[in-house]
Amino acid sequence: MQIQIDMENPEPMYAQLVRQVKEAVKKEAIQPGDALPSIRQLANDLELNSKTVAKAYRLLERDQVIQTRGYRGTFVHPEASSHCTIDVATEIRGVLQKTLKAMRNAGATDSEIRIAFNDLMNQTR
Amino acid sequence: MNPNLFYLVFLLQVLLLSVFLPRRQVALMKNMMNQYPPAEYPRLYPQPEPHYQASRRSFLHISYLIAAAGLGLLGWMIFGTRDSGWDQQIVTGYYLLQFVPWFRLDLSALREYRLMRMLNRESKRSAGLKRRRLFEAVSPLLVYAAIGMYVIFCLFIVWMTRFDYEWFGGYLNVVILTVVNAIGIFITWRQLHGKRVDPHESEADRLIRAGNTIRILLLTSIALSLYAMLSVSMRALGLDAWQPLALSVYFQVLVLFTLRNYRFERQDYDVYRPKMEGS
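Protein chains in written order, with my numbering: chain V, 3 to 127; chain L, 66 to 344.
Some clues are possibly wrong.
[What the hints assert, rightly or not] In silico SDA-like cross-links for lysine to any residue, where the CA-CA straight-line distance does not exceed 20 Å:
id	chain 1	residue 1	chain 2	residue 2
1	L	K189	V	T54
2	L	K95	L	P113
3	V	K57	L	S191
4	V	K57	L	R190
5	L	K195	V	M15
6	L	K260	L	K340
7	L	K195	V	N120
8	L	K195	V	H79
9	L	K95	L	R108
10	L	K195	V	R21
11	L	K260	V	S52
12	L	K195	V	R60
13	V	K57	V	R71
14	V	K103	V	Q125
15	L	K260	V	M15
16	L	K189	V	D8
17	V	K57	V	K103
18	V	K53	L	R196
19	L	K260	L	L180
20	L	K189	V	N11
21	L	K195	V	P34
22	L	K340	V	D8
23	L	K195	V	K103
24	L	K95	L	Q332
25	L	K260	V	S40
26	V	K29	L	K195
27	L	K260	V	A108
28	L	K195	L	P113
Read the hints as simulated data drawn from the structure, not as lab findings.
Throw the hints in and build the complete structure from the sequences for me.
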């Protein structure tokens with residue numbers, strides 16, 4: 003199974019990586035329990051900064067598509083195929099949409115919501 | 066020891082490493098160029114064709130020059146006045162000299178790869194989604210043999226320290242071999258997980274190339290442990306006069322074994338064909 007990073011693609015490189023790993027799991031090109039390349043190996047092969055690959059791996063681990071088993075390395079999560087179908091971006095959008103609707107119904111203006119949202123984002127960073 | 070036997074073995078070293086193997090190497094290079102011509106596989110040759118012809122010629126000429134020097138050295142050993150106590154140093158020094166053209170060849174290959182990377186205008190980069198493992202590149206048996214030989218060597222040195230030989234370096238031998246093996250482990254790691262040298266190379270070929278290097282390192286480690294034990298034993302048994310001969314045989318066997326286990330052919334040459342528009 004090969005993954006390909008397009009440097010001219012406007013999609014961030016870490017996102018391309020995340021998407022392709024998830025696609026590979028969905029297509030069963032990689033199976034639960036399969037060993038994935040180390041961050042350094044993948045970064046060297048793709049000539050990317052290891053921080054980019056580490057970010058992609060972090061997101062995949064958060065989504066429980068992959069799991070790190072200490073010094074033994076990174077493996078495909080046993081439940082990876084069911085977790086791949088979860089689209090975090092859509093989930094976030096759904097929750098925010100409901101909140102926005104509730105706030106607008108309560109009479110809050112868009113600029114008030116935007117300022118409050120930005121403040122919250124900065125505070126919790 | 067009959068000196069004629071040493072002369073014969075040294076002559077074999079001269080002919081093998083500076084005549085026979087360079088000729089074989091050049092024939093392999095020529096054959097590869099005929100089989101995969103630059104017109105069809107332009108990405109395999111970052112420089113114009115005459116450059117490769119000149120490079121092959123100079124490799125062969127330097128090797129022949131070194132062979133001539135070796136024959137001169139042999140003539141001086143047979144007919145001149147010499148101190149046989151220096152034979153071992155002569156064999157080692159000449160062996161190192163014999164590797165100069167091979168070293169140049171390696172350096173030029175590295176330059177070729179650098180050029181390949183510079184000329185590579187591909188916006189897409191690909192990689193395998195599989196961890197490269199040591200045992201996929203080389204046989205586990207070879208790895209265990211190298212580890213086993215190192216352990217035997219350490220035990221041998223521990224055993225030898227019981228005796229009071231003035232010349233014996235003791236644990237320094239273990240330190241030297243450990244450092245050599247540690248360097249080998251570092252190179253092995255770089256081969257498996259390090260930066261890609263050839264930007265077009267397929268995953269299978271990368272593994273073949275890594276396997277070649279690691280196999281050489283393992284064979285060298287095994288041979289070094291064996292030779293070090295043999296050398297210490299010969300000295301302890303008062304067979305010093307045989308050392309130069311043993312050293313020359315060791316170098317030749319090492320090179321032959323290494324080449325025997327080397328895979329020159331790649332699996333996927335299509336990656337070096339010109340890219341079609343839109344592909």
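Hints and how they fare:
no., hint, result
1, K189(L) - T54(V), "holds (16 Å)"
2, K95(L) - P113(L), "holds (15 Å)"
3, K57(V) - S191(L), "holds (18 Å)"
4, K57(V) - R190(L), "holds (18 Å)"
5, K195(L) - M15(V), "holds (19 Å)"
6, K260(L) - K340(L), "violated (23 Å)"
7, K195(L) - N120(V), "violated (41 Å)"
8, K195(L) - H79(V), "holds (15 Å)"
9, K95(L) - R108(L), "holds (17 Å)"
10, K195(L) - R21(V), "holds (16 Å)"
11, K260(L) - S52(V), "holds (12 Å)"
12, K195(L) - R60(V), "holds (18 Å)"
13, K57(V) - R71(V), "holds (17 Å)"
14, K103(V) - Q125(V), "violated (23 Å)"
15, K260(L) - M15(V), "holds (18 Å)"
16, K189(L) - D8(V), "holds (4 Å)"
17, K57(V) - K103(V), "violated (33 Å)"
18, K53(V) - R196(L), "holds (18 Å)"
19, K260(L) - L180(L), "holds (15 Å)"
20, K189(L) - N11(V), "holds (9 Å)"
21, K195(L) - P34(V), "holds (13 Å)"
22, K340(L) - D8(V), "holds (16 Å)"
23, K195(L) - K103(V), "violated (46 Å)"
24, K95(L) - Q332(L), "holds (18 Å)"
25, K260(L) - S40(V), "holds (13 Å)"
26, K29(V) - K195(L), "holds (16 Å)"
27, K260(L) - A108(V), "violated (57 Å)"
28, K195(L) - P113(L), "violated (36 Å)"
Of the numbered hints stated above, those contradicted by the structure are hints 6, 7, 14, 17, 23, 27 and 28, listed in ascending order.
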